[in-house]
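Participant: Read top to bottom, the protein sequences are chains A and B.
Heads up, the first sequence is in numbering that gives the first Met the number 0, so the first residue is 0 and it goes up one at a time.
Heads up, the second sequence is in numbering that gives the first Met the number 0, so the first residue is 0 and it goes up one at a time.
Please note that a few of the clues may not be correct.
[Stated by the list, open to error] Only pairs whose alpha carbons sit at most 30 Å apart, straight line, appear in this in silico DSS-like list of lysine-lysine:
#  : chain 1 : residue 1 : chain 2 : residue 2
1  : B       : K14       : A       : K109
2  : A       : K109      : A       : K235
3  : A       : K133      : B       : K14
4  : A       : K18       : B       : K3
5  : A       : K18       : A       : K146
6  : B       : K3        : A       : K109
7  : A       : K303      : B       : K14
8  : A       : K303      : A       : K107
9  : A       : K224      : B       : K3
10 : A       : K26       : B       : K14
11 : A       : K235      : A       : K104
12 : A       : K224      : B       : K14
Treat the hints as calculated values from the structure; they're not laboratory data.
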Amino acid sequence: MEATTDIVENESVWGGGNKPLNASYGKMMMWFFIVSDALTFSGFLVAYGFSRFKNIDSWPIADEVFYHFPFLHGIDAPMYYVALMTFILIFSSVTMVLAVDAGHKMQKTKVAIYMLLTIIGGAVFVGSQAWEWKNFIQGEYGAVETKGGQILQFVTADAGERVSLESFASTLPTDRAQHTGDEGLWFVSESSLPTYSVAEIQEGFLANPDLLIKTEMIDATTGHKIVLDRAASEEKIAQAVYVVEGANLVRNEYGNRLFADFFFFITGFHGFHVFSGVVINCIIFFNVLLGTYDRRGHYEMVEKVGLYWHFVDLVWVFVFTFFYLV
Amino acid sequence: MAHKLSIFRGLVTFKSNIQKIWGVLVFLSIVTAVEVALGIIKPSFLLTPVLGMKGLNWVFIILTLVKAYYIAWDFMHLRDERRSFTSSIVLPLLILIPYLIFILLVEADYIYNVMLDGFVSWNF
Chain A
0 MEATTDIVEN
10 ESVWGGGNKP
20 LNASYGKMMM
30 WFFIVSDALT
40 FSGFLVAYGF
50 SRFKNIDSWP
60 IADEVFYHFP
70 FLHGIDAPMY
80 YVALMTFILI
90 FSSVTMVLAV
100 DAGHKMQKTK
110 VAIYMLLTII
120 GGAVFVGSQA
130 WEWKNFIQGE
140 YGAVETKGGQ
150 ILQFVTADAG
160 ERVSLESFAS
170 TLPTDRAQHT
180 GDEGLWFVSE
190 SSLPTYSVAE
200 IQEGFLANPD
210 LLIKTEMIDA
220 TTGHKIVLDR
230 AASEEKIAQA
240 VYVVEGANLV
250 RNEYGNRLFA
260 DFFFFITGFH
270 GFHVFSGVVI
280 NCIIFFNVLL
290 GTYDRRGHYE
300 MVEKVGLYWH
310 FVDLVWVFVF
320 TFFYLV
Chain B
0 MAHKLSIFRG
10 LVTFKSNIQK
20 IWGVLVFLSI
30 VTAVEVALGI
40 IKPSFLLTPV
50 LGMKGLNWVF
60 IILTLVKAYY
70 IAWDFMHLRD
80 ERRSFTSSIV
90 LPLLILIPYL
100 IFILLVEADY
110 IYNVMLDGFV
120 SWNF
């Protein structure tokens with residue numbers, strides 16, 4: 000049985016310099032910070048689970064939201080991109096462990112090389128996340144929202160494929176212009192107007208008999224979103240009040256409003272952790288180059304930032320599961 | 000610094016710490032690949048509900064916990080720490096997180112049923 004403390008004979012236990020649990024002060028505090036941060040993240044993820052269970056029959060399906068892959072425009076590639084991102088982050092974790100291992104052996108050059116690789120991996124991951132956000136914010140097809148806050152998407156009747164608003168919206172003469180502070184009330188601001196008005200979408204939809212409406216609701220037996228028939232679609236389109244293109248913190252074209260909020264908040268908070276991890280890794284990297292830890296006689300700082308970096312990886316494993324897989 | 004070099008309860012033992020790191024990377028990559036493959040294929044026998052959730056979702060969650068275990072135990076080298084130190088880190092999480100999940104998901108399910116059976120229409 001391993002004891003909690005070492006029994007030291009003929010030495011002053013109260014004189015300081017002891018290492019309870021055989022871990023140094025800094026390492027132990029890094030671990031306890033990680034515990035508290037892990038609880039923060041679990042709070043966020045459980046809140047996401049709460050909203051999802053509350054809207055269990057209408058939550059957006061991840062494969063229908065995240066299907067982009069660089070240089071494969073228009074090709075349906077769900078999950079491959081996040082799988083790649085996951086692999087990049089796990090790989091940067093590996094180079095971090097290798098840096099810590101080289102640090103134990105006091106190999107300065109090796110530590111520096113592995114730290115540099117870790118920083119590059121982290122930077123690539125943050126860049127990938129930015130690209131993911133860009134696609135999410137921009138959207139591709141667009142949708143309309145009803146007064147009750149339900150998102151209606153448009154699909155073709157024969158293949159059930161998503162149709163973009165621009166492919167069927169008709170053009171109506173309109174006097175509606177973007178409100179700007181210098182041409183209207185200076186104290187009132189307006190977010191940018193959608194490309195099409197609700198009336199244009201409604202008229203275009205009625206003029207295209209081969210279009211149907213895809214609702215938010217999930218068919219419990221097939222697991223797919225319910226597509227209305229033509230008569231019900233024509234009835235539903237009359238209830239549209241907003242045109243939604245892409246996503247912001249108020250509404251998004253993918254479905255439930257909370258979905259985009261949680262996406263931005265949780266992946267954003269994680270991305271912020273990755274970013275700060277990269278910054279801290281850079282500081283340690285330059286300290287390694289300057290020989291600070293060589294003079295100090297040990298590379299424990301590398302081990303401590305390593306713990307933080309692995310924690311970021313650990314959180315991503317859970318974010319990946321709950322946003323993209325489940 | 001002494002490292003414990005076995006994983007899978009001693010089934011696989013590595014010669015050095017560096018080899019162990021690469022071994023764990025291979026294992027984590029395989030688990031991720033399995034997750035992605037399952038997510039794309041979605042085998043129909045896994046889509047039946049088990050304990051209130053799709054069987055496939057349980058598979059994903061268990062595989063995630065497996066990955067989390069190996070990241071914490073080998074990358075964050077909890078395997079090499081004192082038992083009491085490991086416990087002081089892992090036990091608070093193992094107690095508090097399942098509790099939080101339990102109370103919030105039960106409450107969410109209750110709200111879902113209220114909105115489903117209530118006299119108010121949410122779909123207009």
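Participant: If a hint holds in the structure, say so; if it doesn't, say that too.
Facilitator: We went through each hint and held it up to the structure:
Between K14 (chain B) and K109 (chain A) the alpha-carbon distance is near 20 Å, which keeps this suggested pair within the 30 Å criterion. This hinted pair does not check out: K109 (chain A) and K235 (chain A) have alpha carbons roughly 64 Å apart, beyond 30 Å. For the given pair, K133 (chain A) sits about 45 Å from K14 (chain B) by alpha-carbon distance, which is inconsistent with the 30 Å threshold. Using a Cα cut-off of 30 Å, the hinted pair K18 (chain A) and K3 (chain B) holds, with the two alpha carbons roughly 21 Å apart.
The suggested pairing of K18 (chain A) with K146 (chain A) is violated, with an alpha-carbon distance near 63 Å, which exceeds 30 Å. Taking the CA atoms of K3 (chain B) and K109 (chain A), the gap is about 22 Å. The hint holds against a cut of 30 Å. Between K303 (chain A) and K14 (chain B) the CA atoms are separated by roughly 25 Å; this keeps the pair inside 30 Å, and the hint holds. Annotation: proposed proximity of K303 (chain A) to K107 (chain A) holds, straight-line Cα distance about 17 Å (limit 30 Å).
Proximity of K224 (chain A) to K3 (chain B) is assessed by CA-CA distance (about 50 Å); at most 30 Å being required, the pair is judged violated. A hinted pair counts as satisfied when its Cα atoms are at most 30 Å apart, and K26 (chain A) with K14 (chain B) qualifies at roughly 27 Å. Using a Cα cut-off of 30 Å, the hinted pair K235 (chain A) and K104 (chain A) is violated, with the two alpha carbons roughly 69 Å apart. Straight-line distance between C-alpha atoms of K224 (chain A) and K14 (chain B) comes to about 52 Å, which puts the hinted pair past the 30 Å bound.
When the structure is compared with the earlier hints, violations turn up for hints 2, 3, 5, 9, 11, 12 and for no others.
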